[in-house]
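A.B. asks: Chains as they are written, first to last, in our numbering: chain A, 230 to 365; chain B, 230 to 365.
There is no bait here: all hints are sound.
Listed next, the in silico EDC-like pairs over lysine to aspartate or glutamate satisfying Cα-Cα at most 20 angstroms (straight line):
id : chain 1 : residue 1 : chain 2 : residue 2
1  : A       : Lys-252   : B       : Glu-257
2  : B       : Lys-323   : A       : Glu-335
3  : A       : Lys-304   : A       : Glu-355
4  : A       : Lys-252   : A       : Glu-267
5  : B       : Lys-252   : A       : Asp-256
6  : A       : Lys-363   : A       : Asp-353
7  : A       : Lys-323   : B       : Glu-327
8  : B       : Lys-323   : A       : Glu-327
9  : A       : Lys-345   : A       : Glu-335
10 : B       : Lys-304   : B       : Glu-267
11 : A       : Lys-345   : A       : Glu-270
12 : A       : Lys-252   : B       : Asp-256
13 : A       : Lys-252   : A       : Glu-327
14 : A       : Lys-289   : A       : Glu-257
15 : A       : Lys-323   : A       : Glu-257
16 : A       : Lys-323   : A       : Asp-256
17 : B       : Lys-289   : B       : Asp-256
18 : B       : Lys-252   : A       : Glu-257
19 : B       : Lys-304   : B       : Glu-270
20 : B       : Lys-345   : B       : Glu-268
21 : B       : Lys-252   : B       : Asp-301
22 : B       : Lys-252   : B       : Glu-318
23 : A       : Lys-252   : A       : Glu-318
24 : B       : Lys-323   : B       : Glu-267
25 : A       : Lys-252   : B       : Glu-327
26 : A       : Lys-304   : A       : Glu-268
27 : B       : Lys-323   : B       : Asp-256
28 : A       : Lys-289   : A       : Asp-256
29 : B       : Lys-252   : A       : Glu-327
30 : A       : Lys-323   : B       : Glu-335
Partial chain B-side listing against chain A, Cβ under 10 angstroms, derived:
id : residue
31 : Thr-240
32 : Leu-242
33 : Arg-245
34 : Asn-246
35 : Ala-253
36 : Ala-325
37 : Ala-334
38 : Asp-336
Bear in mind the hints are in silico, worked out from the structure with no lab data behind them.
From the three backbone atoms N, C-alpha and C, an ideal C-beta is built for every residue, glycine too.
There are 2 protein chains.
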Amino acid sequence: MKTSAAHLQSTQLTLRNLLQITKALSDEQRVRTLMLLEEGELCVCQLIELLGLAPSTVSKHLSILRTAGLIDCRKDGRWAYYRLADGNEAEGCKPAVEWLRQSLAEDRVIQNDRAKRAEVLDSDLEELCQRQRKAC
Amino acid sequence: MKTSAAHLQSTQLTLRNLLQITKALSDEQRVRTLMLLEEGELCVCQLIELLGLAPSTVSKHLSILRTAGLIDCRKDGRWAYYRLADGNEAEGCKPAVEWLRQSLAEDRVIQNDRAKRAEVLDSDLEELCQRQRKAC
DNA sequence: ATTATAGTTCGCCACATAACGAAATAACTC
DNA sequence: GAGTTATTTCGTTATGTGGCGAACTATAAT
Chain A
230 MKTSAAHLQS
240 TQLTLRNLLQ
250 ITKALSDEQR
260 VRTLMLLEEG
270 ELCVCQLIEL
280 LGLAPSTVSK
290 HLSILRTAGL
300 IDCRKDGRWA
310 YYRLADGNEA
320 EGCKPAVEWL
330 RQSLAEDRVI
340 QNDRAKRAEV
350 LDSDLEELCQ
360 RQRKAC
Chain B
230 MKTSAAHLQS
240 TQLTLRNLLQ
250 ITKALSDEQR
260 VRTLMLLEEG
270 ELCVCQLIEL
280 LGLAPSTVSK
290 HLSILRTAGL
300 IDCRKDGRWA
310 YYRLADGNEA
320 EGCKPAVEWL
330 RQSLAEDRVI
340 QNDRAKRAEV
350 LDSDLEELCQ
360 RQRKAC
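Using the sequences and the hints, build the whole thing.
C.D. replies: Right, here's the structure in full:
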C-alpha cells in the first residue's frame, strides 16, 4: 500500500481562521451561494436574483465569504464576478467546500437553485438588472 | 485507474441538517470540545474543567453538538460521558470532523487543551468535582 | 427516607448577526 | 462634466446566541 503525501499533508489553520470559515458556512444563504458558485462564477446581480435578497444583503454575505477565504472577486466594468477561491490561499477551506458539495448533491433546495441558475445564465445581464430595478 | 466507491459515495444530507452541523461547528468552545473528544470520551465535569465555563453553559454546548449528530452520550451512575458519534447516523458529519482534526493539528489552543486533557484524566473524578464545587 | 451531588433546563442579559433601505462609491454613457 | 447604474457601506431593527445563576431532575450514599 502506497502512502499518499497529498492526502496526509493537509493545510494547517489557526482555530481563529477555521472559525471564520465555519461561521461563514453556518448560514443558509451563504451555503446556497457557494453551491451556486461551484458550477462557475456569477455576478452580484445574478446572485441577487437567485437568492431573492436585497443587494446590500447579498453584498454583505459575499464579503463574509471573501474574508473567510472561500471566494474571490473579479471586477469587469460595472459588474463584479465572484467565484470559488482556488490557489494556495484556498487550500485550507477546500476540504470543507468539497464536503458541502458531496453532502448536498441531492438536496432539493440546492438542485432547485441549480436549475434557476441555468435560466439566469440564459437571460441577458442588462435585462436582468433592469428587471431588478423595476421591482423596487 | 480503479474507481473507489468508498470515496465517491458520500452520505447525503438535507440543507437543513447540514446547517445544523455547520452552526454547531461555528463556535470556539464547541470546536474545542470536539477536538478534546477526538482523543476519547470525557464526562461533563471534565469538560467543565477543560473549557473553563459554567456547567449549564457546557451542557448547552453538548446539547447542540448532540442534536447535530456530532456526539453521543453514555450515562454511568452520576456521570454522563460524551464521545464523538460513530456508526451510520454519524456518517454525514464524519468528513467535517476529520477536516477539523487535520486542519487544527498544529493549533496552539488545541494543543494546549490536549495537554490539559492528559492532566485532568490523571486526577480523580471525585476530587475534580469537589474542587469545582468549592470554586463556587 | 433523607441528603448530597452530577447534570440539565429555565430565565435572564449582553452582544452578535441577518435583513432592509438610504446614502456613498465606482464605472460606464452621453 | 452630468447622468445612469452596479455594487458597497452605513445605520437601524428584529431576531439569534453565548454566557451565567437558580431551580429542577436523577442517581448515589448514608
